[in-house]
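*Asks:* Each chain is listed here by its residues.
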Amino acid sequence: MSAAILETRGLAAGYGKKQIVHDVDLTLDRGEILLVLGHNGAGKTTLMRAIFGLLKPTAGEVTYDGKPIAGRAPGDNVAEGIAFVPQGHGIFRTLSVRDNLELGGFIMADKTRLPERMQTIFKLFPILDERQQQIGGTLSGGQQQMLAIGMALMHEPRVVILDEPSIGLAPNLVDRVMQSIAEINRSFGTSILMVEQNVRYSLPIASRVAVLKAGRKIYDGPPAHLQDDVELMKLF
Amino acid sequence: MDLFAQLFVNGLINGSHYALLGVGFGLIFATTRIVHFAYGPIFTAAAYAAWFAANVLGLPIPVAMVFAAAVAAVLGVITYQYLYLPFERGQSSSHVTLIASLGLFIVLENLIAIIFGTGGRVIDGYQYGIFLVGPIYFSSVQLGQVIAMVVLTALLGVYLARTRHGKAILATTDNPEMARIIGIDTVKVSRLVFAIGSALSAIPATLILLKDGATPSMGFFAVFIAFVAVIVGGVGSLRGAVAGGLALGMVESLGLWKIPTEWQSSIAFIVLFLVVLLRPQGLFGRTVS
Amino acid sequence: MEYILHILVMVCIYGILAVSFNLLIGFAGLFAMAQAAFYAFGAYATAILTLKLGLPFPVDLLLGVLITAFIGALVAIPAIRISGTYLVVVTLALQVIVIAIATNWKDLTGGTDGLRGIPSLNIFGYALDNPGRFLPAAIVALGICFWVAWRLANSPFGRALRAMRENESAAEAVGKNLLYMKVAVFAFSAGLAAVAGSLFARYLNYVGAESFGIDETIYMLAMVILGGTGNLWGSLVGAAVLVILPELLKFVTLPTEIADKSHLIIYGLLLIVILRLRPEGLLAERSTMRHLPHVDDTNRHGAEMTAPLPKDEVTLSGNDLHKRFGGIVAVAGFNIVLKSGSITGLIGPNGAGKTTAFNLLTGFLSLDSGTITFRGRNITGLKPHNIVRAGVARSFQDLRLFTKMTALENVMVALPNQAGDRVFDVFFRPMKIHREEQDNLVRARAVLDFVGLTHKAYETAENLSYAEEKLLVVGRLLATGAEVFLFDEPLSGLDRTTLAEIFPIVRKLADSGKTICIIEHNLDVIKELCDVVYFLDEGHAMAIGTPDQLMNDPALATRYFK
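Residue numbers (the numbering used here), protein chains in the order written: chain A, 1 to 236; chain B, 237 to 525; chain C, 526 to 1087.
Next comes chain A alone, as it looks inside the complex (with noise of 0.2 Å):
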């Protein structure tokens, strides 16, 4: 068994005749975090989304577990255990909080685990299990990023890909969410695949750090090493 859970090689997408990744090849190791960090328009999520399947990669691969997985239905991602939290609104608006988390849930074969699954997430965010009954579109920011990342565990993924998880946060809920993001690493064994655009929080929780610019990587390694280099950091 190789180390590496979800890899993408040579991988290009984008919309319509816009090119917006090109040739980009990263490794997700079993049980890290992969910070990818990038500016508005570096492609980050255009890449998340090729590589989780809601966006037909143009040219590449993408491996998971070493099986090919590049263009199919993300249904099929999430059914063998990989789930993504979209950026901004990852929940349904119209729905309670207990309706979203059972929804997260939708793929479980094994229906009777969902109260115990909803548990786990209630402990690791006691909030939602106050406002179970709540809509929600009606929840604040922070309780919103909270429920969605809380969807995405009910089925236990074996990774999580998040973009950008502190978008449109106060800086003390970007803080909550990254630490909530580490611990989902450190106690579920998750590995998890984020990009983000706020170095300061993230670079913190990450193992190995990604930078993207134009649509290429320009940096793989670890965080210590971005943080040296005074030109990438500029970018920031």
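In short, the hints are calculated from the structure, not lab data. Note that this is a predicted model, so its numbers are computed, not measured. Where is the CB? At the ideal position from N, CA and C, for every residue including glycine. Among the hints, a few may not be true.
What the hints assert, rightly or not - With the C-beta cut set under 7 Å, the calculated list includes, among others, these residues of chain A facing chain C:
| id | residue |
| --- | --- |
| 1 | A3 |
| 2 | G41 |
| 3 | A170 |
As the list claims (entries may be wrong) - Anything over 12 Å on all C-beta distances counts as not near chain B; from chain A, calculated:
| id | residue |
| --- | --- |
| 4 | E32 |
| 5 | T63 |
| 6 | Y219 |
Given chain A's structure and the hints, the job is docking chains B and C onto it.
*Replies:* What follows is chains B and C alone, placed relative to chain A:
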């Protein structure tokens, strides 16, 4: 006062008919965002299917109704699969899908006219019962229209809230991308709502067949009134479509107090104008910021 | 022979209808479904005015056109508030009501019998009472209608229409009056359709409700789509094909009733097939700019771009601004004072109310309370386009370029005070507009030079790179000629090299006395560029100062900069 009571009951009856049409159309519209004009001719096809089952095959009316619902569901799913889905996959704009839907509308309507002729069709020998409650008069078919609306919307409501498939529909209506992310096959969900929405339209279609007979051009008014009911009531909620349909039926009927019959249908459109101008999210719509 | 001439007359009538419909759908992007109703108004106007009032040609025609144009303009008024699906359903309702009137108001319209015996056109005692005689008149009418539509579509007004189609709020943000544009285009579209209606009545000497149903609107729609939306020649081709095609099929012998139905089936199928295989239609939309001459670099007066204004004067100020959305407070007690010649930065966490503040200052959102003044004038409550015209312009975080238009058109459409934006001038002051277009071309070139996009002038915006798009946003904003520029994250997502290109541009603008306000997250940019910085949080300014002052403020440091 008797006149008022009669008009009120008439309004309730027609309103129920409109509401059920609106529920079917609205379910499809809210979940797929497709303005499904071909809902009209599929409604017509359902009426003819019921006529065929009852008159030609000699099946009892309830069986004919089920047959009609099956025909409508199949037509609805085929329409989605072979007309709308390719456009969706090609990421066409919503206008393109709407125009394609109008194209199909014309094709189906005229196809039905060629197959069955332009004259009306009625079920031979069918006679509906008549009830007199105090000064108020209504027929068994009209009673059926009200019961069908109440029972079917209640069933649909329970189905959406309680079952796995129902929840998948609600999730897709709320946020299609998020639905895909949690592993819902949204194409399957779309097929499902086309099946349910079309099958629902077959019930009012059969009742209209019993009441007035079927004509090839009956579909335009059906899809139009369904569309108006959904906009008036508010897109995306079952309650909205029901409220919109009932409101239209009521206003139309009570308007007759002062306005000659032939203008009846125009009254509804005044309601539409007012709602769109004054409360564009509809009577029961949520304002989503 | 008679038969062929008849078909040609019908091609002319439907040509007018398709061209008129294309103005709405193709150019303005207004999906209205009542074109057959406008057609009906024209036809019934002629029928009623000639039969009941005995009015002679061309009085009936002119009155019919005016009445229909007026009704079209009325439809546009709800169209300002609603769009997309709502416009479809409202116009569909209008279509239904018009048919209801035509069938039910028997005294006026003859009900289901229609009106018969409408007098044929009579030109100098020469009755146009057969297809051969009528055809020249139909061709002349088509020619005039086509010219009117062409003139409109290819004028600055037409350019503004296309901008509105691409993005309504961006069109407002460059000073376009959407209500005026919608009213005008609806009036013209309806008026032209009425001409076709009048011709129809004169030609057949009969009008009846069955000629103007929803099928008829779909028929016209098929012509427009087949020919190509946004291309007027295409509409003529579409009309010709769809009128002639079914006639060719007549040689296949079918019972008449089935034949008519099968024609409709063919239109429907054709509509679907063309959308699948060639959604842009037979003749695709073309840039209206191609015929403009190349500008000689020597006679550019780029200087006017940077005509210096006095500095350090208060230009735009917002006083105690408040805005809530439902239960959420977005902006609460926000005060801001912008001065000419200086660059003000707006920073703060996401959700702090920065973009909402911009929306309030530029009229895109209405204030709950507070006042906004520009150079001493109270501009609170003005519509966005009037605020731009007054001198305060803004850009959008998500760019909102007019993606299907060229870079040059994106800039041209934003230039202020264009006489060509008014339809009256389009038709009655052609020379003035011609001269103005030449001047505007020069000005647009100057703007493109300024932002370094001259070499991309004829590229459509959707084909530009991200950095070029951002530059074009700046260019389009400059073109408005405003004095105050509010930039919403103009620099995010750009790399160092591109930043190094934009910095001097913004600096130069400030040096020339413009007032600049920038929302930005990148603190290096703020440090390098801004004279004053507002730190926004929870909807109001928590701190105001120079970049250094704010970044050294210990309280803010823990909260934001760290």
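*Asks:* Each of the hints needs a verdict: does it hold here or not?
*Replies:* Tested hints:
{"no.": "1", "hint": "A3", "in the structure": "33 Å, violated"}
{"no.": "2", "hint": "G41", "in the structure": "3 Å, holds"}
{"no.": "3", "hint": "A170", "in the structure": "5 Å, holds"}
{"no.": "4", "hint": "E32", "in the structure": "23 Å, holds"}
{"no.": "5", "hint": "T63", "in the structure": "20 Å, holds"}
{"no.": "6", "hint": "Y219", "in the structure": "28 Å, holds"}
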